[in-house]
Amino acid sequence: MTKLFNYICGMNQNIQQKIDQYKKAAQTSLGSNPKPVRSKSVRVDSLAQVIRSQKDAENFMAELNSIVKRAR
Amino acid sequence: MVTINFEETFDPVSIENDFSQMIFNSPQVDGTIRQILVKIDPHPDLYLPNVFNLGFGPPDETGNFHDDIRLKHTENGKVFSTVLFHGLTFLQVNPDLTLGIDGSDDVRATMYHLMFKSNREYLSDFFVGIGVDWYVRVYRDWSYEVDNTGNILSKPKPELFNYERTRHDLYRYYMFQLK
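Line by line, the protein sequences are chains Y and S. So in this note's numbering, spot 56 of the first sequence is number 56, and the numbers just go up one at a time. Heads up, this note's numbering is the position in the second sequence plus 1000, with the first residue counted as 1.
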């Protein structure tokens, strides 16, 4: 079990190192090919259709954040 | 079955320094290479400033991506791992934000749902997955709450992703935050 635990920790350390390298790459902004022009999404988002007010949004996010907090 | 492994991802061809966009190349079964654009956009609803949408597909001519083109990647798992790895990095840089995945149709939603299910243990090291259903209020007289045009007024209700739900019981919307 310890071996498995250490393997998983090691794997996550590898992934964290990869993330750190990825962040550095983004800072130097590779851009070797032309980047697409940044544009606003034109898709109709289904969540946007059922959030109709600031109150709806606050209630929804409060519930979501509470769920996430309990799960962490 | 799509297997996620963040140690096996495609290198970005280009990447914005705020992680809003990234492009990578994905080899296809027919021997061609297709560019894939990954976008993380602010949610279109101004009431949800801390929610961003994650999406991907072959780029179109407008700076967006096609979400209705079916590609045949040689390494499906690597494609999804690349997209989710980008999302993971975005959330690490922006830990107070939430990523949402709409799934433009049932095919995409099914794909995301099954991906969450089949990679439950692996992804749980990195994310908290949330499924969102729509609910309708029922009044005491058993009528439903409607809007001013008479249509049923549905409201979103989030829950911790229920891995018992099958592909025939999809959520309406998928979201995730950092673990």
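Calculated from the structure, these hints are not laboratory results. The structure displayed is predicted, hence computed values, not measured ones. All C-beta atoms in this analysis are idealised placements derived from N, C-alpha and C, irrespective of residue type, glycine included. Wrong hints could be hidden among the right ones.
[Said to hold, decoys possible] Quick list of in silico lysine-lysine cross-link-like pairs, DSS-like style, CA-CA up to 25 Å:
| hint | chain 1 | residue 1 | chain 2 | residue 2 |
| --- | --- | --- | --- | --- |
| 1 | Y | 69 | S | 1155 |
| 2 | S | 1078 | S | 1117 |
| 3 | Y | 69 | S | 1072 |
| 4 | S | 1117 | S | 1179 |
| 5 | S | 1155 | S | 1078 |
| 6 | Y | 55 | S | 1072 |
| 7 | S | 1117 | Y | 69 |
| 8 | S | 1179 | Y | 69 |
| 9 | S | 1155 | Y | 18 |
| 10 | S | 1117 | S | 1157 |
| 11 | S | 1078 | Y | 23 |
| 12 | S | 1072 | S | 1117 |
| 13 | S | 1157 | Y | 24 |
| 14 | Y | 69 | Y | 55 |
| 15 | S | 1157 | S | 1179 |
| 16 | Y | 24 | S | 1072 |
| 17 | Y | 18 | S | 1157 |
| 18 | S | 1155 | Y | 23 |
| 19 | Y | 55 | S | 1117 |
[As the list claims (entries may be wrong)] Stretches of chain Y that chain S covers, calculated by requiring three or more beta carbons in the stretch to come under 8 Å of a beta carbon on chain S:
| hint | segment |
| --- | --- |
| 20 | 13-25 |
| 21 | 44-57 |
Discussion item. Which constraints among the numbered hints does this structure fail? Numbers only, ascending.
Written reply: Hints 3, 5, 6, 9, 13, 16, 17, 18, 19 contradicted; others consistent.
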